[in-house]
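S.K.: Sequence:
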Amino acid sequence: LAIVGESGSGKTVLTKTFTGMLESNGRIAAGSIEFEGRNLLELKTDKEWEKIRGVKIATVFQDPMTSLNPLKRIGIQITEVIEKHQKLPPEEARRIALTLMEKVGIKDVEKRFYDYPFQYSGGMRQRIVIAIALACKPRILICDEPTTALDVTIQAQILDLMREMQEKLGTSVILITHDLGVIAEMASRVAVMYAGRIVEESSVNDLFEMPLHPYTMGLIASIPILGKVTDKLDVIPGSVPNLINLPPGCRFAPRCRLREKYGLEICTVDEPELVNLRPGHKVRCWLYTSKDDHIAPIKIETEAVP
1 LAIVGESGSG KTVLTKTFTG MLESNGRIAA GSIEFEGRNL LELKTDKEWE KIRGVKIATV
61 FQDPMTSLNP LKRIGIQITE VIEKHQKLPP EEARRIALTL MEKVGIKDVE KRFYDYPFQY
121 SGGMRQRIVI AIALACKPRI LICDEPTTAL DVTIQAQILD LMREMQEKLG TSVILITHDL
181 GVIAEMASRV AVMYAGRIVE ESSVNDLFEM PLHPYTMGLI ASIPILGKVT DKLDVIPGSV
241 PNLINLPPGC RFAPRCRLRE KYGLEICTVD EPELVNLRPG HKVRCWLYTS KDDHIAPIKI
301 ETEAVP
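Read in order, the letters of the sequence shown are residues 1 to 306 in my numbering.
Where hints are given, some of them may not hold.
Unchecked claim - In silico lysine-lysine, PhoX-like type, Cα no more than 25 Å apart, as pairs:
#  : residue 1 : residue 2
1  : Lys107    : Lys168
2  : Lys72     : Lys137
3  : Lys103    : Lys72
4  : Lys168    : Lys56
5  : Lys103    : Lys84
6  : Lys72     : Lys84
7  : Lys228    : Lys282
8  : Lys137    : Lys103
9  : Lys103    : Lys47
10 : Lys47     : Lys107
What the hints assert, rightly or not - Quick list of simulated restraints, FRET-style, between CB atoms:
#  : residue 1 : residue 2 : range
11 : Thr45     : Val235    : 44 to 52 Å
12 : Ala30     : Pro248    : 34 to 42 Å
13 : Pro254    : Leu274    : 15 to 23 Å
Just so you know, these hints were derived from the structure itself, not from any lab. All of these numbers come straight from a predicted model, not from anything done at the bench. Here a beta-carbon is modelled for each residue, glycine too, at the ideal position from N, C-alpha and C.
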């Protein structure tokens, strides 16, 4: 599952709730997080979360330098996770750590085991962060923009590594990104977020072939097309609203060209629900949703798409 949206749309904050890592000024106001037949919101203490965090749900953060302790050797940072969560002796933990380092593509692991993070390149550090996240074979791996600070060649290697590890271990991956190219290559399902709300959710093929939400359309239209000469790139006007002072109605309404085109006043009054328009394709938009005296101007075929 890929979660896509502009910076500030709430992607990282959303996934932090899955591991109980919200900052002290954040709270979950409503809803539930169902995992293995249990609502994770029932967990109240760090000790309770330790049975989930890192063991069953692990996270790879976007900046490997802030994820690794600069004062500890690389090998120690992997083995301490294994010793803590799997209760294994140091010798066995070291053997597993060396195997993991080899799996993520680190050469000469016996020597590099004792190096410090500053002796690794950015791509190698990100590989180590992935190795640490996979150390306990989690059921879910959250990858928070894992290739943002890396050059294009290393990005491709990291994405290939993630795909290989997912196939070998059977781990479900939640990929947070703002790169639609990465989504097209990696994801099977996509959730598009805007200002703290999921505004569209579908299979990756449906999203690119028939985007429904105006925000999704804008994101896809902003991608440069190879070989197409244009004076200006297509952009979405305006910027993401301040989440402390959200506009009334649909949060995307102030930037929406289709609202102006169809003259939809309801967009600035009521917020639409996330509705299932086609099998597996949900959208939150008044263009397709009728209510009271509002008639949706666009009708979508609800038959299953072959």
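S.K.: Evaluate each hint against the coordinates.
M.R.: Here's how the hints hold up against the structure:
no.	hint	result
1	Lys107 to Lys168	holds, 20 Å
2	Lys72 to Lys137	holds, 23 Å
3	Lys103 to Lys72	holds, 21 Å
4	Lys168 to Lys56	holds, 16 Å
5	Lys103 to Lys84	holds, 21 Å
6	Lys72 to Lys84	holds, 16 Å
7	Lys228 to Lys282	violated, 31 Å
8	Lys137 to Lys103	holds, 13 Å
9	Lys103 to Lys47	violated, 30 Å
10	Lys47 to Lys107	violated, 36 Å
11	Thr45 to Val235: 44 to 52 Å	holds, 46 Å
12	Ala30 to Pro248: 34 to 42 Å	violated, 20 Å
13	Pro254 to Leu274: 15 to 23 Å	holds, 20 Å
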